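First to last, the sequence lines map onto chains Z and E.
Residue numbers are given in my numbering: position 155 of the first sequence equals residue 155, and the series is strictly consecutive.
For my numbering, add 402 to where a residue sits in the second sequence, where the first one is 1.
Be a bit skeptical, because a hint or two may be false.
Using 27 Å as the maximum straight-line C-alpha spacing, the simulated BS3-like pairs for lysine-lysine come out as follows [claimed, not checked]: (1) 479/E - 112/Z; (2) 91/Z - 587/E; (3) 479/E - 379/Z; (4) 488/E - 411/E; (5) 314/Z - 418/E; (6) 379/Z - 365/Z.
Have a look at the derived ranges for each label pair, beta carbon to beta carbon [claimed, not checked]: (7) 409/E - 327/Z: 45 to 53 Å; (8) 633/E - 280/Z: 49 to 57 Å; (9) 158/Z - 424/E: 49 to 57 Å.
Cβ-to-Cβ under 10 Å is the rule here; a few derived chain E residues that face chain Z [as the list claims (entries may be wrong)]: (10) 409; (11) 412; (12) 414; (13) 420; (14) 422; (15) 465; (16) 505; (17) 515; (18) 530; (19) 536.
By construction, these hints were calculated from the structure, which means they are not laboratory data.
Since this is a predicted model, take the numbers as computed values, not measurements.
Cβ atoms here follow ideal geometry from the backbone N, Cα and C, with glycine treated the same way.
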Amino acid sequence: MTDIYLDNNATTKVDPAVVDVMIPYFLEQYGNPSSIHKFADGVARGLKQARQQVQALIGCEHDSEIIFTSCGTESNSTAILSAIKAQPNKKEIITTVVEHPAILTLCDYLEKEGYTIHRLPVDKAGRLNLESYKKLLSDQVAIVSVMWANNETGTIFPVAEMAEMANAAGVMFHTDAVQAVGKIPMMLQDTKIDMLSLSGHKLHAPKGIGVLYLRRGTRYRPLLRGGHQERGRRAGTENSASIVGLGKACELALEYIEYENTKVKAMRDRLEQGITEQIGHCFVTGDMYNRLPNTTDIAFEYIEGESILMLLNKVGIAASSGSACTSGSLEPSHVMRAMDIPYTAAHGTIRFSFSRYNTMAEVEKVIEAMPGIVATLRKLSPYWEGDGPVANPEQAFAPTYS
Amino acid sequence: MWDYSDKVKEHFFNPKNAGAVVDANATGEVGSISCGDALRLTLKVEDESEVILEAGFQTFGCGSAIASSSVLTEIIKGMTLDEALKVTNQDIADQLEGLPPEKMHCSVMGREALQAAIANYRGEEWKDDHEEGALICKCFAIDAVMIEEMVWANKLRTVEDVTNFTKAGGGCAACHEDIEAILEKVLAEKGEKFDPTAAPVEAPAKIAAVKAPMTNLQRIKRIEEVLESLRPALMADGGDVELVEVIGNTAYVNMTGACNGCQMAAMTIAGIQQRLMEVMGEFIKVVPASEMAKLVNIEVA
Chain Z
1 MTDIYLDNNA TTKVDPAVVD VMIPYFLEQY GNPSSIHKFA DGVARGLKQA
51 RQQVQALIGC EHDSEIIFTS CGTESNSTAI LSAIKAQPNK KEIITTVVEH
101 PAILTLCDYL EKEGYTIHRL PVDKAGRLNL ESYKKLLSDQ VAIVSVMWAN
151 NETGTIFPVA EMAEMANAAG VMFHTDAVQA VGKIPMMLQD TKIDMLSLSG
201 HKLHAPKGIG VLYLRRGTRY RPLLRGGHQE RGRRAGTENS ASIVGLGKAC
251 ELALEYIEYE NTKVKAMRDR LEQGITEQIG HCFVTGDMYN RLPNTTDIAF
301 EYIEGESILM LLNKVGIAAS SGSACTSGSL EPSHVMRAMD IPYTAAHGTI
351 RFSFSRYNTM AEVEKVIEAM PGIVATLRKL SPYWEGDGPV ANPEQAFAPT
401 YS
Chain E
403 MWDYSDKVKE HFFNPKNAGA VVDANATGEV GSISCGDALR LTLKVEDESE
453 VILEAGFQTF GCGSAIASSS VLTEIIKGMT LDEALKVTNQ DIADQLEGLP
503 PEKMHCSVMG REALQAAIAN YRGEEWKDDH EEGALICKCF AIDAVMIEEM
553 VWANKLRTVE DVTNFTKAGG GCAACHEDIE AILEKVLAEK GEKFDPTAAP
603 VEAPAKIAAV KAPMTNLQRI KRIEEVLESL RPALMADGGD VELVEVIGNT
653 AYVNMTGACN GCQMAAMTIA GIQQRLMEVM GEFIKVVPAS EMAKLVNIEV
703 A
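Can you make the complete structure from the sequences, with help from the hints?
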């Protein structure tokens, strides 16, 4: 059996068509885009085309609103640090408890520097309360940063609506959209979103390339100064091969966006149904009715995620987990904790994330493999007896903390 | 993914003695569900001889937790309870051909389950006394709780102090920002301010002042006496210590037995150092003898 890759929210395979357009920029057009000779004369054109391809995918008004960066994390840091540098009198930031560490860790750091960070909580389905958000908006807030879609559960946040609310209060709005771009249609020019981060390797472009969308007229301070590249907004010699690759990947993503929301979604739905029908004591986390089409996150109760992944890996299936052990931390995923998922389930969450390369035949193989894996581990679990959990699991097994 | 040894994989994919022993007369339950690892160990002990006839485990946890549980049951079957009590977490890790630093706590959990089960058999109450924090120093497997305790106990002020007392930060140095954050936090709790340029911590001056200077031979003898007095406690945990050399105010020691390579060795060394400083009334640095080899090599080169 060939290996099955269902970890596309972690990273994706580079599309062969993307590799093809990149190669000339390593071997022929390798000149510095700033140079005046034939090794560089095609590069500027390549970059311009890439900018337009990104523009088309996210639907922004001008191609000059696209700033190429090295990754999603750089885009996120640039956006938030720019907003606070440009508005030194505003000392508050609004974000959510379920953001990616690229936002949360930076906010923790800024908190130490004296900023007040408002982290919006989520309910059990991972949804925000817009009423409490509205109350926090004030002229003290430098920036709101809310992810478009959650990387673990796929839950989509109403960023367009939240950007309108921020704009009405005169507050800048940034969204970390690395999971959303290419999976759901967007038209930024119709929104009040000021800044957006995207990452190449989540949509079949290579690692090491990202974009910060910056709405024309948004007050901005660069993170990297030193050169005229990106109109002085992000210094450093352009990663021309990867930029051209990202452009191609965006063009393909736009072509496949319907496929993503029909065929890919159908595979995800079939997997979810196949697993939850066959296996007891498991449930889907997040907002089932408002999710990315490619993501499902299933909590298998009374067993631990890393063990599940190791058994999956053994049969050639790649996925990921929100358990503490997979990351070496002492807590399960902050997203699961934020949704108040009990520990006995949070450690057993498995995320399956699809791409257009997956097939329905693969889905059936995973559905076939999962029940045996879960049963094997439940047989070892102190919370399990025979065909079901022990009565009153929390009381039946209450270990001494060690 | 973790770099697990073949032995860990073997015990994970084909665990030995999984499930509860049917007519068990000893049970130990340890772990923490919030951290994602918990273990129930059941034993059948022959009353007359106190030999462990059967051992079974039920584990909620990751690959290395299941492997540690499995190998533990293999190690202790056929042992008497007294023999089993000498099994250390390092024995478990060694049998598994090593564990990643982030996963050493799985072997500690195995040992504690064993202690808890034996206490249960003997009608004693078992209490766990160690608390585990987030892993800070990956080179020497030192966690935040340990660093905090040492900062409190020894009035540490700088990253260098923390490295001297716990070894944390003495390797790749990537964790220095985290150590500074701990120092900032603890010092703030004490009403002090973290100053990265503060002078290193010295031995308490008042003790040092009353002692007359010793000859080198006297010092070495005294150091040996102190180590001798600490050995029984170490041996109870299956470890031992021997003095190799004293150069200036640095005592080079060999940590042997279970202490060798144990993640708690740094803590133990720091404890020995503290005791030596108290008795000797001067600043003594205790360093593993392996460090001396490096020193000698440098001098030769």
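Going down the list of hints, with the structure as the test:
no., hint, result
1, 479/E - 112/Z, "violated, 53 Å"
2, 91/Z - 587/E, "holds, 23 Å"
3, 479/E - 379/Z, "holds, 21 Å"
4, 488/E - 411/E, "holds, 25 Å"
5, 314/Z - 418/E, "holds, 19 Å"
6, 379/Z - 365/Z, "holds, 22 Å"
7, 409/E - 327/Z: 45 to 53 Å, "violated, 23 Å"
8, 633/E - 280/Z: 49 to 57 Å, "holds, 55 Å"
9, 158/Z - 424/E: 49 to 57 Å, "holds, 56 Å"
10, 409, "violated, 14 Å"
11, 412, "violated, 12 Å"
12, 414, "holds, 6 Å"
13, 420, "holds, 5 Å"
14, 422, "holds, 8 Å"
15, 465, "holds, 5 Å"
16, 505, "holds, 8 Å"
17, 515, "holds, 8 Å"
18, 530, "holds, 5 Å"
19, 536, "holds, 6 Å"
Violated hints, listed in ascending order, are 1, 7, 10, 11; each of the other numbered hints is respected by the structure.
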